[in-house]
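Q: Here's the letter readout for the chains.
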Amino acid sequence: MTALLLSPDEWQAVRLSVVVAFAAVAGSLPLAIATAWLLARRNFRGKIVVEMLVNLPLVLPPVVTGWLLLVAFGTRGFVGRWLEEWLGLRLVFDWKGAAVASAVVAFPLMVRAIRVALAMIDQDVEDAARSLGAGRLGTFWRVTLPLARPGLVAGCVLAFARSIGEFGATIMIAGSIPGQTRTIPLYVYNVLQSPGGGDAAWRVVVVSVVVSGVALVVAQGLEGRAGRERVVRRGTVRG
Amino acid sequence: MTGCGPRGGPERDPPARVLVLAAASTVDAVEEAAGLFAAREGADVVVSAGPSSGLAGQILEGAPADVFVSASAEWAEVLRARGRAAEVVGLLGNRLVIVVLAGNPAGVASPADLLGERVRWVALAGERVPAGVYAREALAHAGVYGGLVERGRIVRGGDVRMALAYVESGEAQAGVVYATDVRAASGAGMGAGVEVVFEVPSDWHERIVYPVVLVGRGEDATDVRREARAFFEFLQSHEAARVFESHGFEVLTGAGARRDAERGEESNGDQLPEQSPERGG
Numbered sequence: 001m002t003a004l005l006l007s008p009d010e011w012q013a014v015r016l017s018v019v020v021a022f023a024a025v026a027g028s029l030p031l032a033i034a035t036a037w038l039l040a041r042r043n044f045r046g047k048i049v050v051e052m053l054v055n056l057p058l059v060l061p062p063v064v065t066g067w068l069l070l071v072a073f074g075t076r077g078f079v080g081r082w083l084e085e086w087l088g089l090r091l092v093f094d095w096k097g098a099a100v101a102s103a104v105v106a107f108p109l110m111v112r113a114i115r116v117a118l119a120m121i122d123q124d125v126e127d128a129a130r131s132l133g134a135g136r137l138g139t140f141w142r143v144t145l146p147l148a149r150p151g152l153v154a155g156c157v158l159a160f161a162r163s164i165g166e167f168g169a170t171i172m173i174a175g176s177i178p179g180q181t182r183t184i185p186l187y188v189y190n191v192l193q194s195p196g197g198g199d200a201a202w203r204v205v206v207v208s209v210v211v212s213g214v215a216l217v218v219a220q221g222l223e224g225r226a227g228r229e230r231v232v233r234r235g236t237v238r239g
Numbered sequence: 001m002t003g004c005g006p007r008g009g010p011e012r013d014p015p016a017r018v019l020v021l022a023a024a025s026t027v028d029a030v031e032e033a034a035g036l037f038a039a040r041e042g043a044d045v046v047v048s049a050g051p052s053s054g055l056a057g058q059i060l061e062g063a064p065a066d067v068f069v070s071a072s073a074e075w076a077e078v079l080r081a082r083g084r085a086a087e088v089v090g091l092l093g094n095r096l097v098i099v100v101l102a103g104n105p106a107g108v109a110s111p112a113d114l115l116g117e118r119v120r121w122v123a124l125a126g127e128r129v130p131a132g133v134y135a136r137e138a139l140a141h142a143g144v145y146g147g148l149v150e151r152g153r154i155v156r157g158g159d160v161r162m163a164l165a166y167v168e169s170g171e172a173q174a175g176v177v178y179a180t181d182v183r184a185a186s187g188a189g190m191g192a193g194v195e196v197v198f199e200v201p202s203d204w205h206e207r208i209v210y211p212v213v214l215v216g217r218g219e220d221a222t223d224v225r226r227e228a229r230a231f232f233e234f235l236q237s238h239e240a241a242r243v244f245e246s247h248g249f250e251v252l253t254g255a256g257a258r259r260d261a262e263r264g265e266e267s268n269g270d271q272l273p274e275q276s277p278e279r280g281g
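If you read the protein sequences in the order shown, they are chains B and U.
All letters in the first sequence, in the order written, are residues 1 to 239 by my numbering.
All letters in the second sequence, in the order written, are residues 1 to 281 by my numbering.
Because the hints were derived from the structure by calculation, they are not lab data.
Think of the CB as a built atom: it goes at the ideal place given N, C-alpha and C, for glycine as much as any other residue.
Any given hint might turn out to be false.
So these bits of chain B aren't anywhere near chain U, every CB distance computed over 10 Å [said to hold, decoys possible]:
no. : residue
1   : 39
2   : 64
3   : 220
Covered, in the sense of this in silico footprint (three residues per stretch, anywhere, with C-beta under 8 Å from a C-beta of chain B), are these stretches of chain U [as the list claims (entries may be wrong)]:
no. : stretch
4   : 121 to 131
5   : 140 to 147
6   : 156 to 167
Taking the hints into account, I'd like the entire structure generated from these sequences.
A: Here you go:
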């Protein structure tokens, strides 16, 4: 109901946040699955370094993450120059930059949830599929991923919620441009700068709390279900 | 707020702590002044920095602050209206400048050049923080603000330092920031990457004033600790004025200007009326 009462500016911020968060989650999902699989199933030299890098955005101040992104993806940065030359892609002061910032900051959450789900899968089931003639990739697609689905969804939902709330890294790389990069947190921050801003911001604050709260409940529910399914499956396999 | 002993006891209390909340753009200078004061008075001065809006919010929510150096007259006014300000004085002035990346690759020499082809982004502070408001006024006065908006060239940082960072990183070709920020950045070895190409005349925007607020404790705004008032007055001394000037600020209430103000000679009708409750002493 509250959403219906939003002003055009507020709507713009909410809509933009949703678009940015979707892009961040969709764009980073394949890499998150690959990383989670690597960390859950493989032991290799330097694993601890990969783990550290993946989790770094969780503990770095977002402003620092944003600054590093700006340096890397900027028009003078190594990656940024390459992107512009080869793909004509510019991330700085653009919603796509906001999506990259969100994706990086949310990445550890996504990987963690998927990794747990992958680790919980009974590998006997995968072995059974292999023994019945399924290839590695076929097994992964048709057995592993479906079994990990609750974890996948939970990871996506958590990452989505984290993206919706991303502030520090976003403002560094994407700036605060109304309608283009001013997502919910940037909008609220901006409004709160002037006296009486609290009155103007509360509607968006409510939307923000509701979206994040729902996402947390959904993620928790899915994780709980994954746990129960695992127990049931164990029972059927062993029993 | 902290465990008050019985009043009127012996004068030598344990060294009192003065909590100063300072707008981000003033923190270097305020810290230096606080150091001088602390050394001389044997007081413990703690400076906490942040955006004026956040600091004012903290005071309104009951933070045990003694002195508030605000970048915005508006927020000082809010504190007064809510009965948290024992005294407000317009302490500092500042100037706006246009900065570009060192070497000036986009060839900006004046506000009009911001509309040129080689400029893609102009960085300003947020439209609701004072630096962003002054910048908009100045660019509008120069007749380029509308054009910049139409061309979608304005990018806002959270605060003025972030706008400067956009220019330093080379992503924004120009920015409008406080003169003191450029100086602070180069002092920290960061601003080597930017240069000032245009000093904005001060009559292009509303006068830039940093008020300093003597914060009242608790219910009664006039309930002010002795050390708090001492630091509040120290900020208006010649000694502090030298510190602020060395950081590039204009000092509006040196000891001289303050005497003038008290004689009622300074009445250019600006937005910051002085308020000096009776001080009985």
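Q: Which numbered hints turn out to be false for this structure?
A: 5
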